[in-house]
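K.L.:
Chains as they are written, first to last, in my numbering: chain S, 1 to 387; chain C, 1 to 249.
Honestly, the hints are just simulated from the structure, not real lab data. Hints may be right or wrong, so weigh each one.
[As the list claims (entries may be wrong)] Quick list of simulated restraints, FRET-style, between CB atoms:
id, chain 1, residue 1, chain 2, residue 2, range
1, C, L76, S, F102, 43 to 53 Å
2, S, A174, C, R242, 52 to 62 Å
3, S, A17, C, V15, 57 to 67 Å
4, C, G157, S, L151, 12 to 22 Å
5, S, F66, C, V69, 27 to 37 Å
6, C, G96, S, F66, 43 to 53 Å
7, S, A38, C, K117, 49 to 59 Å
8, C, P33, S, A379, 29 to 39 Å
9, S, A283, C, L166, 35 to 45 Å
10, S, A379, C, A144, 23 to 33 Å
Don't be surprised by glycine CBs; every beta carbon is placed ideally from N, CA and C.
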Amino acid sequence: MTLRFDKLGVVIAVITAYAAFLAPFATFRANRIVPGQARSIIDALPATTGALLLAVIVAAALIALFRTPLLLRLAASVVALAALALLIGVAGTFLTPAGNTFARVSPASGFWILIFAFTLLLADVLTRLNLSPWARVGVLAAAAVAIGLLLMSGSWNDLSILKEYANRADSFWAEGSKHVTLALGSLFAAVVVGLPLGILCHRVEALRAGVLNVLNIIQTIPSIALFGLLIAPLGWVAIHVPGAAALGIRGIGTAPAFVALFLYSLLPVVANTVVGLAGVPRAANDAARGMGMTDRQRLFGVEFPLAFPVILTGIRIVLVQNIGLATIAALIGGGGFGVFVFQGVGQTAMDLVLLGALPTVALAFAAAIILDAVIELTATRRRVETS
Amino acid sequence: MKAWLPLLLRLALVVLLLAFITSPGWFEPLLKPLTENNAPAIYNQGSLLTLTLLHLRTVLIATVAATIVAVALAILVTRPAGAEFLPLSRSLVNIGQTFPPVAVLALAVPAVGFGEKPTLIALFLYGLLPIFENALTGLTTLPANVVEAARGAGMTGWQRLTKVELPLSAPIILGGIRLSVVISLATATIGSTVAARTLGEVIIAGLLSNNLAFILQGGLIVAALAVLIYDGLSAVERYAARRMGREAE
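This is chain S alone, in the form it adopts within the complex:
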């Protein structure tokens, strides 16, 4: 048997070698904001554990380097990622002097690069395996459960990011639910308004260019400006419209953030509805008309189901975009994970930034995978039905 190099494997092996042997694995700081000291894998872990981790990393990198069976590569990437995830927690406990509550240990560049390298390997394997939509959601769920178990087991509790969390456990979940409410609520409002508007634009050609142009221009207004500009009109509404204040409409806070996200969400929803409806084959429409369907029957029975995957794509864009943009709501007192990001930037406490940024990235990522799977499922169902 001759061994042949895998091209991506070469890249992964080079990155891994740098990260494992030259870059720092963990950072130790005497308190949360002083500059840290770098620790390599050998220094950061008890002697045998460190050697074990290096052995796992080298073995996984070798499996990646050569052309090996997909399942072996899958196992290598999963084992390497699991070892890294477990042992960074061990490094936290090992590096923190007993009884010292000020010392902070956080993952350093080497750790992140290793995670990146093996995620790359995992992504490559998963792409090549060509998983079905359900299987992809399954992989996502398994990863979420694994991370959840690690968090609950307390093995990461000595890491700085979880110490930041421990100090803010209540506000973390409150801001998290605000974040999700903002992102999902504005999406819901955009769908409720955008779908009929899109259908109207499809039917009334005179309206189409105008509406799409206005929505396009809204997109060019920078998010922080749009959030800010809505403060004044909503403040006015809160004072002058009876009952508005009771509904929670106020100049600053969640209301302007909600409206801004809603406005940004309209374009993808409306535009994709128009594109989706325009893409309905003429033959399908003619057949429906020939069968004597009314306009309404045609819309709900033929056009809408056929355009659905395209509309869903618009919804996917909006959801991922909203989860990201909701971080900016924190700048105008709207809450969300952005609160931790901007607090962390202000205090130059990077672990606090991570506490806000990582859940945001995870949410956006999960939303993208789930909606991609749903889009694929509806699109294939459509194909099966129409063929």
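Once you've looked at the hints, dock chain C against the given chain S.
P.N.:
For chain C alone, kept in the frame of chain S given last:
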């Protein structure tokens, strides 16, 4: 009459924008009603012209870098030698798009410090995706007969790339650059939360001091820039598409 109206509107927008960033004082009476407690109506902690130029410079550097890397990557994965990377690069682009810009920005700070650098990194990473995606579309959907003809004419791989494939996909690549620039123009304002000198500074000053005039002028300058640049690049794109259409005949 219809033909010159959009042109006239754009011209008016250019004149208005130039007038505003060079001598904002003229517009003070318009913005004054938006302020409270006699706060200044025009941003007074730096010149709008300088900030606009710095803003544009940041976007330009990031876009040029993103274009070079994205097009090079797209060329690489569409050659036989790099074909292995094509599916992976597609999924990476997909994953990359889910990273919120604020997160990228904030996470770049520990690595490179405050200021322009984290902004450049975030804009670069964010700008890569649309350009890469479009370059990939352009290079993988070339008319097969044209590529075959080039091969038949005895062109080398390099000649085919530079004389046939790239020029033919130029309009689509330009479309990606246009999208990337418009996103970057808006995203650059967020860079001011980590102390980059962009027009975001004006907006954030407005948010902090509750001064609507600042927020409005910062937002409107960025939006006007985005509309004008979008239009300009669309025109270049149409020109390139027309040229390619003619040459392909």
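K.L.:
Against this structure, judge whether each hint is valid.
P.N.:
Results of checking the hints against the structure:
Our hint of 43 to 53 Å for L76(C) and F102(S) holds, since their Cβ atoms are close to 48 Å apart. Range check, A174(S) to R242(C): about 56 Å between beta-carbon atoms, so the 52 to 62 Å window is met. Evaluation of the 57 to 67 Å hint for A17(S) and V15(C) yields a pass: the beta carbon distance comes to about 58 Å. With their beta carbons about 51 Å apart, G157(C) and L151(S) fall outside the hinted range of 12 to 22 Å.
Distance hint for F66(S) and V69(C): a CB-CB separation of about 28 Å, consistent with the stated range 27 to 37 Å. A beta carbon spacing of about 28 Å between G96(C) and F66(S) contradicts the range 43 to 53 Å that was offered as a hint. Taken as a hint, the range 49 to 59 Å is violated for the pair A38(S) and K117(C), whose Cβ atoms sit roughly 21 Å apart. A hinted range of 29 to 39 Å for the beta carbons of P33(C) and A379(S) is inconsistent with their spacing of about 52 Å.
Evaluation of the 35 to 45 Å hint for A283(S) and L166(C) yields a pass: the beta carbon distance comes to about 38 Å. The hinted window of 23 to 33 Å between A379(S) and A144(C) holds, with their beta carbons roughly 26 Å apart.
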